[in-house]
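Asks: Sequence:
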Amino acid sequence: MLYRVLIIAFASLLTACASQITIIPDEHKILLTEDTLVYEGMITGDAVLEAIRLVRTDGRQIKKLRITSEGGEMGSGIEFGYFVHELNLDVEVSQLCFSACANYILPAANHVLIKKDAMLGWHGGAKQDDEIWRHSVPASRWEEFSGYLNRLRLKETAFFELIGVDQNITIYGQTIPNNCQFSQKTQGWIYSLSDMRKMGIKHIEMQGDELTTSTTYKDSEISTCLLPDIFK
Numbered sequence: 006m007l008y009r010v011l012i013i014a015f016a017s018l019l020t021a022c023a024s025q026i027t028i029i030p031d032e033h034k035i036l037l038t039e040d041t042l043v044y045e046g047m048i049t050g051d052a053v054l055e056a057i058r059l060v061r062t063d064g065r066q067i068k069k070l071r072i073t074s075e076g077g078e079m080g081s082g083i084e085f086g087y088f089v090h091e092l093n094l095d096v097e098v099s100q101l102c103f104s105a106c107a108n109y110i111l112p113a114a115n116h117v118l119i120k121k122d123a124m125l126g127w128h129g130g131a132k133q134d135d136e137i138w139r140h141s142v143p144a145s146r147w148e149e150f151s152g153y154l155n156r157l158r159l160k161e162t163a164f165f166e167l168i169g170v171d172q173n174i175t176i177y178g179q180t181i182p183n184n185c186q187f188s189q190k191t192q193g194w195i196y197s198l199s200d201m202r203k204m205g206i207k208h209i210e211m212q213g214d215e216l217t218t219s220t221t222y223k224d225s226e227i228s229t230c231l232l233p234d235i236f237k
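Using the numbering used here, you'd call the opening residue of the sequence shown number 6 and step up by one each time.
Quick caveat, the hints were computed from the structure, so don't treat them as lab data. The reader is advised that the hints may include incorrect statements.
As the list claims (entries may be wrong) - Here are the computed lysine-lysine pairs in the PhoX-like style, where the Cα-Cα straight-line distance is at most 25 Å: (1) Lys69 / Lys132; (2) Lys237 / Lys203; (3) Lys223 / Lys34; (4) Lys160 / Lys190; (5) Lys207 / Lys237; (6) Lys68 / Lys34; (7) Lys132 / Lys34; (8) Lys207 / Lys69; (9) Lys223 / Lys132; (10) Lys237 / Lys68; (11) Lys237 / Lys160.
Unchecked claim - DEER-style ranges, computed between Cβ atoms: (12) Glu148 / Asn115: 39 to 49 Å; (13) Phe187 / Gly64: 44 to 54 Å; (14) Asp122 / Glu55: 43 to 53 Å; (15) Arg156 / Glu55: 21 to 31 Å; (16) Gly64 / His140: 38 to 48 Å; (17) Glu149 / Gln212: 25 to 35 Å; (18) Thr38 / Trp147: 44 to 54 Å; (19) Thr38 / Asp135: 27 to 37 Å; (20) Gln66 / Asp134: 39 to 49 Å.
C-beta: ideal position from N, C-alpha, C; glycine also.
Construct the entire structure; sequences and hints are all you get.
Replies: This is the structure:
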């Protein structure tokens with residue numbers, strides 16, 4: 006999901022494309038209920054702008070974001086994270102917060118509540134090794150893509166510096182020895198609550214006895230694995 010969305014976002018910026026690229030976004034639900042912004046669906050530029058506009062024009066004081074998302078565009082995720090941080094919103098994960106959602110929305114929250122049977126998941130970020138990116142980018146496009154990626158990395162670094170969270174939260178699952186994502190062939194990984202707190206997501210709690218490692222969303226199964234504690 007991370008690589009596909011980022012490549013599509015990059016492709017849409019190229020002016021020398023041989024043909025017009027038309028992208029039909031997934032359905033999403035964005036609404037306000039009392040003091041809560043509800044966001045369900047992929048994180049895209051249009052959807053994030055719609056959510057921000059809805060809050061800005063409504064005028065009521067919003068205290069919480071209730072989100073279910075499989076992830077999406079990294080740049081848009083960072084902008085959504087800035088918005089969550091600016092409003093000091095609590096974040097409630099209803100069913101799923103994966104990829105760009107876990108990377109940028111959770112760390113920006115004032116407080117995080119993971120509902121029972123809801124799933125988190127990370128599987129990389131802008132800072133990940135170039136060799137990983139090269140598997141998803143045609144060699145003929147690498148020079149153009151690397152310029153875009155460098156700008157995205159600077160944007161991601163500035164974001165994590167502002168919110169005071171370890172930027173490597175997006176990539177620890179790729180860099181530590183015995184990566185469970187590869188050994189168990191899952192789509193991503195999760196951290197213990199203890200590790201999340203030590204990386205800077207200090208106010209986080211969950212309903213239920215343990216973190217969920219698999220779920221079905223939009224008729225697709227998404228799986229993760231629990232990394233052993235990184236910080237002792």
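Asks: If a hint holds in the structure, say so; if it doesn't, say that too.
Replies: Each hint tested on the structure:
1. In summary, the hint linking Lys69 to Lys132 is not supported, as the alpha carbons are separated by about 29 Å, beyond the 25 Å threshold.
2. The suggested pairing of Lys237 with Lys203 holds, with an alpha-carbon distance near 10 Å, which does not exceed 25 Å.
3. For the given pair, Lys223 sits about 14 Å from Lys34 by alpha-carbon distance, which is consistent with the 25 Å threshold.
4. Taking the CA atoms of Lys160 and Lys190, the gap is near 30 Å; set against the 25 Å cutoff, the hint is violated.
5. Between Lys207 and Lys237 the CA atoms are separated by roughly 16 Å; this keeps the pair inside 25 Å, and the hint holds.
6. For a cut-off of 25 Å, the pair hint linking Lys68 to Lys34 stands: about 18 Å separates their Cα positions.
7. Distance hint between Lys132 and Lys34 is unfulfilled; the C-alpha atoms sit about 30 Å from each other, more than 25 Å.
8. A hinted pair counts as satisfied when its Cα atoms are at most 25 Å apart, and Lys207 with Lys69 qualifies at roughly 17 Å.
9. Distance check on the hinted pair: Lys223 and Lys132 sit about 28 Å apart at the alpha-carbon level, beyond 25 Å; violated.
10. Between the alpha carbons of Lys237 and Lys68 the distance comes to roughly 33 Å, so the proposed pair goes past 25 Å and is violated.
11. The straight-line distance between the Cα atoms of Lys237 and Lys160 is roughly 30 Å, outside the 25 Å bound, and the hint therefore fails.
12. At roughly 41 Å, the beta carbons of Glu148 and Asn115 sit within the given window of 39 to 49 Å.
13. At about 49 Å, the CB distance of Phe187 to Gly64 agrees with the hint of 44 to 54 Å.
14. In this structure, Asp122 and Glu55 break the distance hint of 43 to 53 Å, their C-beta atoms being roughly 28 Å apart.
15. Between Arg156 and Glu55, the C-beta spacing of about 24 Å keeps the proposed range 21 to 31 Å intact.
16. Between Gly64 and His140 the beta carbon distance is about 47 Å. The supplied range of 38 to 48 Å therefore holds.
17. A C-beta distance of roughly 45 Å is found between Glu149 and Gln212, which places it outside the suggested range of 25 to 35 Å.
18. Against the hinted window of 44 to 54 Å, the Cβ-Cβ separation of Thr38 and Trp147 comes to about 45 Å, which satisfies the hint.
19. Between Thr38 and Asp135, the C-beta spacing of about 43 Å breaks the proposed range 27 to 37 Å.
20. For the hinted restraint 39 to 49 Å between Gln66 and Asp134, the CB-CB distance of approximately 43 Å keeps it satisfied.
In summary, the structure is inconsistent with hints 1, 4, 7, 9, 10, 11, 14, 17 and 19 from the numbered list given earlier, while agreeing with the others.
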